[in-house]
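2 protein chains.
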Amino acid sequence: MICALTGGTGGAKFIQGLQAVLPPQELVIVVNTGDDLRWWGLHVSPDLDSVLYALAGCLSRERGWGLEGDTFHCLERMKELGAPAWFQLGDRDLATHLARTQLLAEGRPLSQATAKIAAAAGVGARILPMSDDPLATRVHTTDGRDLAFQEFFVRERCQPPVRAVHFLGAQDSRPAPGVLDAIAGAGAVLIAPSNPITSIGPILAVPGIRRALRETSAPVVAVSPIVGTAAVSGPAGALMAAHGLPVSIAGIAEAYADFLDVLIADPADAGSAAELRRPGLQVHCVPSIMKSDDDKAALARAALQLALPDLALANAP
Amino acid sequence: MICALTGGTGGAKFIQGLQAVLPPQELVIVVNTGDDLRWWGLHVSPDLDSVLYALAGCLSRERGWGLEGDTFHCLERMKELGAPAWFQLGDRDLATHLARTQLLAEGRPLSQATAKIAAAAGVGARILPMSDDPLATRVHTTDGRDLAFQEFFVRERCQPPVRAVHFLGAQDSRPAPGVLDAIAGAGAVLIAPSNPITSIGPILAVPGIRRALRETSAPVVAVSPIVGTAAVSGPAGALMAAHGLPVSIAGIAEAYADFLDVLIADPADAGSAAELRRPGLQVHCVPSIMKSDDDKAALARAALQLALPDLALANAP
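Each protein sequence line maps, in turn, to chains Z and Y. My numbering numbers the first residue of the first sequence as 43 and each following residue consecutively. My numbering numbers the first residue of the second sequence as 43 and each following residue consecutively.
Heads up, some of the hints might be wrong.
Since the list can't tell identical chains apart, any single copy or any two copies may satisfy a pair.
[To be verified] 25 Å max Cα-Cα, derived SDA-like pairs, lysine to any residue:
(1) 121 <-> 197
(2) 158 <-> 130
(3) 121 <-> 81
(4) 158 <-> 118
(5) 158 <-> 98
Just so you know, these hints were derived from the structure itself, not from any lab.
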């Protein structure tokens, strides 16, 4: 069994690659929920949904979020009624949030709601929220504001300079059922090329998860979301800098220093990779820009082969 | 000021006619909420919405409910996810239910939520739910089932033979703020051609409303939803019969006997109308089938002129 930690849209692409080369029942995905928000009264879990839609084969390629070919008629009407509209939910996408909100209102934990929706959507891999408890990623800006992650990311388009990121509720959160077992029992743990601060950071902030990563006997392999001195996409660079990390593969290695065994960097970083290698940390260079399904599968395959050289992988896609 | 009591789709058409001939600020509409339901976790008020959409000029002419030209993409996805789909919500329609549910969750009463949504939708007339308290119309069938109104009406297409209709929670319900004042202070009270059992019946079941209708100095004018021996639309006939009322304009007169001053019947019922006239009850014959906007305005105009012969009315449409 392979356990993958992920968040964001780059992460979802990598998970799609894993699904292409692994039987779904061998894949457990632990997903960031620090970005979750209440929107129009509904519980929206952007990262869970990106993974769900990616695995169900219906993630919008054009947008990178939401459902392929979705319409926005409800959103247009919400605007007419004067509701906030900076966070966009498609009409078909709404069904996921309605279903989730209803399951939560009935008293089910997020992990059960997620399993139920994933099964209904025909997804075979196991998708686990990092926690059933609320943990909210908050972005503190240099002008003194305390923004919810989606306010920073979507509403403000990552423009405000960042002072720090905090995880509200982290100390009281517990790993969702299955998360610690998946890390401890995995053949390999893969960390997707996600933002280390706001995608993987919230997962690591749940008490017990970081320790499980240190203690697992499985190799822990991370794919760097940084190529050269910038993130492939999103605000990882600015957020890493705000946390005092170099914006480079060295910063990724530092963020995961206490548990990382293998770092996968893009060939563009071959020079830095050589400098970073040390006893206990392998650094391999593999093309890590995922444009096509082939790119995703190739990167997933490479990560798995570096983690488990003897693992037999499917040839798909 | 004119106060109208309504429910259902025939009622919404009549309200549209009233709006065509009255300034909106002179119109207060008291609406049945006994059909309200929780659907996909949202608070849906079908009769409030029909009035709202009719007055905003966006009620679907084809369907008679929901928004003109709406799409059903969320519904299709809900079906794919295995959710119940016998009650249909359109994508743009969903915005109303999301907004209402959110306002209620914030602690606002239904009357305030309704006012806020109506204002956002550009409706000038005052739309009042009959009550802010839950009152659920339940249909008891001869085979011993106890159905919510929408289960009977939509899911079962009014097929099960009806033993009786009950209004669950009626004794603990109070008229919404403004309802009793509107009835007491109106120049005329108009009862739309709505089902007397399940559209007007729930309104009359709210303690205090029936008494206000008896005591108001305003003339109370009802338009019969029955022509000949059948309802113009919907299950009024079967429901009246189950309640021991004749399915005829005489049954309408009987349902409203303690407060009715003027009954408007279709010319097809001229014979029965003559028999029904008595001191204290005028019966007038006016074409009451509303197909076009002209029909709606003409019927509304006739009802207002019978109630208040000196009232000046607009020439619209």
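| Is it within a copy, between copies, both, or neither that the alpha carbon of residue 158 lies no farther than 25 Å from that of residue 130? | Classified as both; 24 Å inside a copy, 22 Å across copies.
**Request:** First find the shortest C-alpha distance between residue 158 and residue 98 inside one copy, then the shortest across copies, and answer within, between, both or neither for a cut-off of 25 Å.
**Result:** within (14 Å within a copy, 39 Å between copies)
* When no copy is named, should residue 121 and residue 197 be tagged within, between, both, or neither for a Cα gap of at most 25 Å? -> Within. Shortest intra-copy distance 15 Å satisfies the 25 Å Cα cut-off; inter-copy 32 Å does not.
- Query: At most 25 Å between C-alpha atoms: does residue 121 with residue 81 qualify within a copy, between copies, both, or neither?
  - Reply: Both. Shortest intra-copy (13 Å) and inter-copy (22 Å) distances satisfy the 25 Å Cα cut-off.
Residue 158 and residue 118: within-copy, between-copy, both or neither at 25 Å Cα:
Only across copies: residue 158 and residue 118 sit 18 Å apart there, 29 Å inside one copy, limit 25 Å.
Checked against the numbered hints above, the structure violates none of them.
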